[in-house]
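Asker: Produce the complete structure using the sequences and hints provided.
Top to bottom, those sequences are chains A and B. Residues in the first sequence are numbered consecutively from 126, following our numbering. Residues in the second sequence are numbered consecutively from 1438, following our numbering.
Mixed in with the good hints there might be a few duds.
[Stated by the list, open to error] Dumping the calculated BS3-like pairs for lysine-lysine here, alpha-carbon to alpha-carbon at most 30 Å:
#, chain 1, residue 1, chain 2, residue 2
1, A, 336, B, 1734
2, A, 378, B, 1694
3, B, 1734, A, 343
4, A, 378, B, 1557
5, B, 1766, A, 378
6, B, 1658, A, 378
7, B, 1646, B, 1763
8, B, 1635, B, 1485
9, B, 1734, B, 1640
10, B, 1557, B, 1766
11, B, 1766, B, 1635
12, B, 1646, A, 378
13, A, 225, A, 302
14, A, 378, B, 1763
15, A, 341, B, 1734
16, B, 1648, A, 378
Hint data in this document are derived by calculation from the structure and do not stem from the laboratory.
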Amino acid sequence: MKKLLSIISFLAVSVGTFAQGAHDFKINEVFVFGCPKCCKAVADSGYVSGDMFKGCQKKPSFYLDEYGEPASWIEIENVSYTTHNIRNCFIATDKAVLNKELSAPEREQLMSIIPAGDPRTQISGKQRITFFVGNRNRGTLHTTDAVQLKAGEENWIAIYDGNAVDLLDSITIPALKPGQTYARLSCGEWQVCEASEATPNGPNQEYYNDKIREFKEKDPHGVAMTLMCMAVVFSCLAVLFLFFQGFGLIIAKMVNKVAEPVVKPVVHAGERVVEAAKQGTTETKGIPMETYTAVIGLALHEYFGGTHDIESGILTINQSQHSSWADKSHELRQIPLHHIAE
Amino acid sequence: MLLESISTMDFVATKFSDFLTYTGFANVEWPNLAMIAVGAIFIWLAIKKDFEPLLLIPIGLGIILGNIPFKAAGLEIGLYEDNSVLNIFYQGVRQGWYPPLVFLGIGAMTDFGALIANPKLMLIGAAAQFGIFGAYMIALAMGFEPNQAAGIAIIGGADGPTAIFLSSKLSPNLMGAIAVCAYSYMALVPVLQPMVMKLLTTKEQRKIKMKPGRQVSQTEKMLFPIVGLLITTFIVPSGLPLLGMLFFGNLLKESTKTTRLAKTAGSALNDIVVMLLGLTVGCSTQASEFLTLDTIKIFALGAFAFIIATASGVCFVHIMNLFLPKGNKINPLIGNAGVSAVPMAARISNQEGLKADPHNFLLMHAMGPNVAGVIGSAVAAGVLLGFLS
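Answerer: This is the structure:
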């Protein structure tokens, strides 16, 4: 039974940990490369030309892949404060995966797996990873052709757990103009950003500690902080005080109740031993043998000079040369340690 | 042949003069010497005056070690140089994992029996934390940012590990000065506290005899770390690293089933961590980083914090006595022990009590607020961390 419980507990903990880690991945920013006209040019020519954005009002600049070429990209953030690995998770843009009738292999065909074996898929807490869409042959940070983002149209993007079934996060992005990105803000809302505001691999908003600034503005003298903190410290220790005050009273009552029935029979038994000893009989007369032996032993001890009726009244205390941290006397126990060792 | 030997001599001379540029003599500046003198004073205080030698000797030697001048030539020897041995040791301070380990040891060594026997003494431990927030207000008035002020103010908790833990999170640039200041004042508790205690008490009050505490059962002692952990961390989860380790260490001690672990946590492990902590904290006081106006301000604030903490503990006992029946009054001399300098502060209570009445032993009574102060300062650090990080 114990083994079974241990296994169940272990499994429960393991499953919980896995799910928690995967669910910390959130789509953070999406960039759809080009505009309808440009995308057509890319599709026709197969490469990015310098004249591609000739017709566009403003030529945007792009985040380039390892080959120095621009592409659509999807940024995923680990929103937790713990490092998680995103390997073996899936990225999908085909809504067909929402069909629950599909088997796992069928679903995997519609998605792009994030390969294992690359240390870059290990994402520290509050950090991000960016995947370029397409060109899987260029490395881990590129998706397969199963993932496609269409410029000038609404796109749906999802991340799936390693089993290709559990949806971790999804977002529908509106049709974007060339160079625009769709980014999640710290409040959880999404916003269309211009090219100059795109932040691949970086936070979508500058981080600054609001709390410190707020305290500086609203509590310049520290009075509010003092009141709040002292209230919390007092509350903690007051609750502990109340608990142990109450608990102590209960314990004290229990001790008093228990003490009476234990002490009285022993005293009575001792008196009966003395009575029996005076009669010169060797029978214990129902008195527990250890009580009988203890009383006789104590009497003999006192008879042979073990009495302490008169004490000198002088107590000698030697000043320790050590501090309390190093003093050997602080290691003294009721039962000396070498006795335990023996 | 002659030309060859001249060339060799030239080579030797060049190399030797190059070597000389690496020596401490070639690189020494007066701030280094000043800090080495400070380190030597710490060691002298520890050995000659018996001021907390277990703290001051590692810190004192650390100060000397950290201020040995050398040429910055990428030799990976200095505390602030990546990959140096000292830098690796220093990570325990910088990342804040020495303090919870020290708290583990404190928990394994602390007997909360005195506190459980007289739980109302916990409130004194809470009141003394006002030293932290009094210093916080003064630090703000002196122009420090709220996070820096909090890091400095925690010195008032009289708890070195807590001060290091909080300052490493809130104001890492001031951590060296804060840590040295906290430990210095902890060692100077016998100098700072008695004058405040005498000032705030009358001779009659110092003679108050307190009733001995009741017998505390092992069940209560076992229950204390569990209940304490649950209550304090549910209210202040940000204090989890310190409080968790403190109560864990105490449970190891009181469970009676893990004596070996408690013994290790309270002796060997604690000694190792204290050695490394003291040494690296001392090393972190390199003159270039340490000898600044901010350091002087921090030391001044630290003294204020200790004085306020002591005074608030003693004054709170006076307030408590207003509500307690005549035969059940608390000796205000144990108010100073509300700071968490264990067991120094409790010892001061006892010494001052004996000065007033040679038959009045306050040590065990003072241990109550003293260990409550440990919990209180850890809670206060957790609250500050929660508000400001």
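Asker: Going through the numbered hints above, which ones does this structure break? Give me the numbers in ascending order.
Answerer: 9 and 13
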